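The chain contents come next:
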Amino acid sequence: MEQDLFSRGPSPAVRLTFFTLLSLLLLVSDVHYNYLKVLRLGIASAIYPLQRIAMAPVEFLDEAGDYVRNQSGLVMENEALKRQNLEDHAMLLRYEALEQENMHLRRLFDARMRIDTPSIMAEILSDERDPFSRKVIVNKGLQAHVAEGAAVIDDRGVIGQVLAVHPFSAEVSLITDKDHPTPVEVLRNGLRAVVFGFGSSDLLDLRYMSTNADIFPGDILVTSGLDGTFPKGLPVATVVKVDRNPAYAFSRIFCKPAAGVNQFLQVLILSSKEKN
Amino acid sequence: MEFGPKQEILLPVKPGFIALSLFSGFLLNLLPLEGFMRWIYPDFVAMILLYWCIHQPSRIGIGASWVFGILMDVADGTLFGEHALAYSLMAYIALNLRRRVSMLNIDYQFTHVILIILIMQAVIVLTGFLARGIFAGWAYFLGSLTAGILWPMLTYLLKLPQRPKADPDRI
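Going down the list, the sequences are from chains A and B.
Adding 43 to a residue's 1-based position in the first sequence gives its number in this note's numbering.
Adding 3 to a residue's 1-based position in the second sequence gives its number in this note's numbering.
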């Protein structure tokens, strides 16, 4: 207790005032200006090794689980995989044929061909513990030339968009993040709309559609490509519920994301925006 | 039941141990979590800061808490200052209440801990709401209950290196 009798430095109240003002200053400048980006970048790259260390026990458990899996399990898995491989192969052949046909038709219609955008394979490091938003951290950053705003997809559809790029990692804001807009069109009839994330649940909200709009449960929504971020035609979501209440100007439409927004580990970052 | 804590004579704390404990707390906060665990997982950095603010106020106070707040802001992707503001306020409350808390038996301490961490979380939720207009949801506050439940264990662990070795001259 000697520090109370012979106190050094300013009193706790003075310190609290100082640090509160400093925090508020940082808060306001973080909301309104971009000055603090460099600072965040620096601290984030310092924390990165720690994030890897924190990931280690999870990875270790995964690997240990694989190791103890017994022989018969492996044999069964092998058989299942072989069967799956055959089925996939057949599907792939059909897909190739379809793509050939598709290209031919496009040439016939003199349509602009969609070039496959180069993409970067990345792995999700962690879910952010921020209770306010749906964000994940992936293990590719500036060193892999990830660009801010790049689209992030998995094998089933759109996951989200790169929000901030750090030297060795990047923050990805998911399409289920609160009010995250994704421009889409209905695959069946080309109706254009925008879906928004709810934030709290794994559903999406299709807003500003009139009560008599031609949209029904089961309709598939794909990216419309109008924002210049997402290439045209990536699956985004399926309509699950349409609530047409004539008391309101718009109907409430709920959609389920096509991508495993919370289940995947490997994702693709489309490295460059497609320019017309 | 006795109301005061057992008066123990403890060895001085090594500064290295304080740093190590805070570092481990930070690692624990970085663990990737899913689903329900996300909500009940306590903020270990806040708990360990709180412990040292109560027991070693000359070493860990408002300044150190603020610095760890900034680190957590980057790790959690929140705005700069959200955790920093909450942690420094928590440290201030802890510094003011520390005599009262340390005189309480360990069975009663946790009520104060839950309350202090609740206030800390309320600051985070409030700044998040004001600055970004998003409410975190009530389940976010469950973490303070877990913190209270884990408090006796944390106290035991952090006191461990301070306990004197058994004296060979005594029976």
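Rather than coming from a laboratory, the hints here were simulated on the basis of the structure.
A portion of the hints provided could be inaccurate.
[What the hints assert, rightly or not] To give an idea of the interface, some chain B residues facing chain A are shown, with a C-beta separation under 7 Å as derived from the structure: (1) I65; (2) L100; (3) M156.
[Stated by the list, open to error] Derived list of chain A stretches under chain B, where covered just means 3 residues or more per stretch with a C-beta under 8 Å from a C-beta of chain B: (4) 52 to 61; (5) 118 to 131; (6) 260 to 272.
Owing to the predicted nature of the structure, the values given are computational and were not obtained by experimental measurement.
For each residue, glycine too, the CB sits at the ideal point set by N, CA and C.
Tell me whether the statement that chain B covers the region 52 to 61 of chain A is true, taking a Cβ distance below 8 Å and needing three residues at minimum.
holds (count 4)
Cut-off 8 Å, C-beta pairs, minimum 3 residues; does the coverage of the region 118 to 131 of chain A by chain B stand?
violated (count 0)
Minimum Cβ distance from I65 of chain B to chain A below 7 Å?
This hint holds: I65 of chain B lies near chain A, its Cβ roughly 4 Å from the closest one there, short of 7 Å.
Can you verify the interface hint for M156 of chain B: is its Cβ closer than 7 Å to any Cβ in chain A?
Violated, because the Cβ-Cβ distance from M156 of chain B to chain A comes to roughly 19 Å (cut-off 7 Å).
Using 7 Å as the Cβ threshold, decide whether L100 of chain B counts as touching chain A.
violated (11 Å)
Test coverage of the region 260 to 272 of chain A by chain B using CB-CB distances below 8 Å; three residues minimum.
Violated, because only 0 residues of the region 260 to 272 of chain A bring their Cβ atoms closer than 8 Å to Cβ atoms of chain B.
Comparing the model with each earlier hint shows violations of hints 2, 3, 5, 6; every other hint is respected.
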